[in-house]
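Q: Listed below, chain by chain, are the residues.
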Amino acid sequence: MFDLFKIAVRNLIRYKRRTFLTASLIAIGVIFVLVFISVSGSFKNLIIGQVTDSMLGHMQIHRKGYVASLDSLPLTMNLKPKAVEKVENVLKPMPEIECYSKRIKFGGMFSNFVETTNIRLNGVWPEKEFKTVPLLQSRIVKGDKGIKKGEILIPELIEKGMKVKIGDSVVIIATNQDGSVNGKQFRVAGVLESATGPGGRDGYIHIEDARDILRMEEMEISEIALRLRDFSKLHQIYASLQSSLSSQRNSKGKPVFEVHTWEKLSPFYNISRMIDLMTFFIKLMLIAIVLVSIMNVMIMAVYERIREIGTIAAIGTMPEKILSMFIIEGFFLGIFGTVCGIVLGTVSVYVINIMKVSFDFGRNTGLILSPSIKVWDILVISAIVIVVSIIASFQPAFKASRMEPIEALRHV
Amino acid sequence: MGMSVVIAENVYKSYLVGEISVEALKGLNFTIEPASFVSFIGPSGSGKTTLLNLIGCLDRPNSGNLTVVGTNVSNLSRRQAASFRGEHIGFIFQDFNLIPILTVYENIEYPLLMVKNTPSAERRKRVYDLLEAVGMSEQKDKYPDQISGGQKQRVAIARALVANPKIVLADEPTANLDHHTAYMIINVMKKMKDKLGTSFIFSTHDPKIVGEVETIYTLEDGKLSNG
Ligand SMILES: Nc1ncnc2c1ncn2[C@@H]1O[C@H](COP(=O)(O)OP(=O)(O)OP(=O)(O)O)[C@@H](O)[C@H]1O
Ligand SMILES: [Mg+2]
Chain A
1 MFDLFKIAVR NLIRYKRRTF LTASLIAIGV IFVLVFISVS GSFKNLIIGQ VTDSMLGHMQ
61 IHRKGYVASL DSLPLTMNLK PKAVEKVENV LKPMPEIECY SKRIKFGGMF SNFVETTNIR
121 LNGVWPEKEF KTVPLLQSRI VKGDKGIKKG EILIPELIEK GMKVKIGDSV VIIATNQDGS
181 VNGKQFRVAG VLESATGPGG RDGYIHIEDA RDILRMEEME ISEIALRLRD FSKLHQIYAS
241 LQSSLSSQRN SKGKPVFEVH TWEKLSPFYN ISRMIDLMTF FIKLMLIAIV LVSIMNVMIM
301 AVYERIREIG TIAAIGTMPE KILSMFIIEG FFLGIFGTVC GIVLGTVSVY VINIMKVSFD
361 FGRNTGLILS PSIKVWDILV ISAIVIVVSI IASFQPAFKA SRMEPIEALR HV
Chain B
1001 MGMSVVIAEN VYKSYLVGEI SVEALKGLNF TIEPASFVSF IGPSGSGKTT LLNLIGCLDR
1061 PNSGNLTVVG TNVSNLSRRQ AASFRGEHIG FIFQDFNLIP ILTVYENIEY PLLMVKNTPS
1121 AERRKRVYDL LEAVGMSEQK DKYPDQISGG QKQRVAIARA LVANPKIVLA DEPTANLDHH
1181 TAYMIINVMK KMKDKLGTSF IFSTHDPKIV GEVETIYTLE DGKLSNG
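As they're listed, the protein sequences go chains A and B. If you count by my numbering, then the first sequence holds residues 1 to 412, one letter each, in order. If you count by my numbering, then the second sequence holds residues 1001 to 1227, one letter each, in order.
Bear in mind the hints are in silico, worked out from the structure with no lab data behind them. A few of these clues could be false.
[To be verified] Beta-carbon label-pair distances, calculated as ranges:
{"#": "1", "chain 1": "A", "residue 1": "GLU304", "chain 2": "B", "residue 2": "THR1031", "range": "36 to 44 Å"}
{"#": "2", "chain 1": "A", "residue 1": "MET278", "chain 2": "B", "residue 2": "ASN1075", "range": "35 to 43 Å"}
{"#": "3", "chain 1": "B", "residue 1": "ASN1075", "chain 2": "A", "residue 2": "VAL387", "range": "38 to 46 Å"}
{"#": "4", "chain 1": "A", "residue 1": "VAL9", "chain 2": "B", "residue 2": "ASP1095", "range": "22 to 30 Å"}
Even glycine gets a Cβ: it sits at the ideal position worked out from N, Cα and C.
Taking the hints into account, I'd like the entire structure generated from these sequences.
A: What follows is the structure in structure tokens.
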């Protein structure tokens, strides 16, 4: 086996320029894929982080059907205390869940005593909310970094449109579940920067105030947002929550709860899916590059060495040995290109990190890309190139192994 | 002494060129004994190469029986033929056909390594012995493009003999060499025949080296005209 390697390497060295060009082509492909995967991955993670940590949370639990009618924020679809307790009984013992935040969501009117406008509000337990969506606090651009009873955080749009200042008194009026209307006075405590995505333009108040306005006899909850300790376990935890919560049925045998990951709640998921699709096509391109370049080189190698093949076949070299000689040669060429590509690709990603490339996403400016290469990606890319190199060498190698020695020896 | 290494009985070979069948060998009968030094001579197109290809199991006769080293080789499969060649036959070519990426040493070692799986200690001994015998010890680490034609053919002789075959076949081994070198090469082969008891069967045009040969078969138009 070692001797086959030696022969393959010597043959590659024999045609230095050709080997170099082909390996370069493969290396460029590998660099391209690595840089793309790491940059797009870092972009994706940044944006997902923005989306989940600004308002959504990693997952949300609602009463069945709530998300479908999310636009109207229906109070009739809230979870009753008993149901909430059931959910909390499931969540509390799960160590994978870092924290969760119960919210009352409702739509109302915002009045500064001069004008009135619509507003969507979240009533939250501030401490829990800030832990569940840690970027929320950083979105408070003016005023207090907290929510006390009797205070409201208003979105930037309303601050500008209604010309209200920190400390102003405002009134929130909302229709209750029974159809009656109630109002409550608040002090503007802070202004929230808008965030891209659903809920990015909502105001925040204390949950007790929300209960007050809505005249809830008992504390009902519209949604429970979750934050996981390890985001990469999202789907696993989703599955386990799904199974433990969907088993809970009402008296009519219908499921009571619904669980959604951020993916179902944010339109960014489609962008993220597109990035994945592009990654797939770029990998496909790499396969094409490797396939074509290696096959091309190996076809040439076989053609140039017909007489040599005739000689070794005449001497008694078995067809499978000739086959493996050429396959190993193509394989080494692929490995050589891949190793160069991985080294240079890693360097490129490192350089991108040093350069601190920044970009803006929606209202979020100056997000800094920090691409990283995962060992897994390197393994996948290496595996792709290796397998494709072998496949690409196979046809020419097979042809070489099937040559009739007398004809090959006659070849000039 | 022993069995004949080649027994040809009514060996017939034709080639199909388009629709026309070209008769290259028209029923040959002869035997070759072990440790003989045999040459087939004859004009161009008389069938020398065709015959050596049949003996070397690179091709098969259309009819007749050809027995080489006790095996009827008229109907060997591709794989059987390959392993038979590796086991019993050495080849020397007109154009030397050394592997350019291997050194002199590695070229001679090749059949032991890639065809026969000989253990390394034995391999080294065989290669060094043959390097010595063909007078190429000094050049063992050179590549084929760094040595002369005569030296290449010496290496080729060593390579043909390294696996200890019963027969070495050489189709016009001296055609690309000057007269003096050709003479030397024939003498190297003869020396090796005496030393190892291998039968050398070769073809040649060259009447000057024919004088060195023990047995001469003359081929004419696919038939033996003597012997
Ligand atoms: N592959 C082939 N296809 C068709 N005809 C062939 C083939 N090989 C040889 N022949 C024919 O068979 C006959 C014998 O050819 P062969 O090559 O054996 O002659 P030779 O004695 O070796 O000639 P030379 O001295 O020129 O090498 C010739 O008529 C040749 O044209
Ligand atoms: Mg000939």
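Q: With reference to the structure, classify each hint as holding or not holding.
A: Status of each hint after checking the structure:
1. Under the hint 36 to 44 Å, the C-beta atoms of GLU304(A) and THR1031(B), about 41 Å apart, fit the expected range.
2. Range check, MET278(A) to ASN1075(B): about 59 Å between beta-carbon atoms, so the 35 to 43 Å window is missed.
3. Distance hint check: the CB atoms of ASN1075(B) and VAL387(A) are about 40 Å apart, consistent with the given range 38 to 46 Å.
4. The hinted range of 22 to 30 Å is satisfied by VAL9(A) and ASP1095(B), whose Cβ atoms lie roughly 26 Å apart.
Checked against the numbered hints given earlier, the structure breaks only hint 2 and satisfies all the rest.
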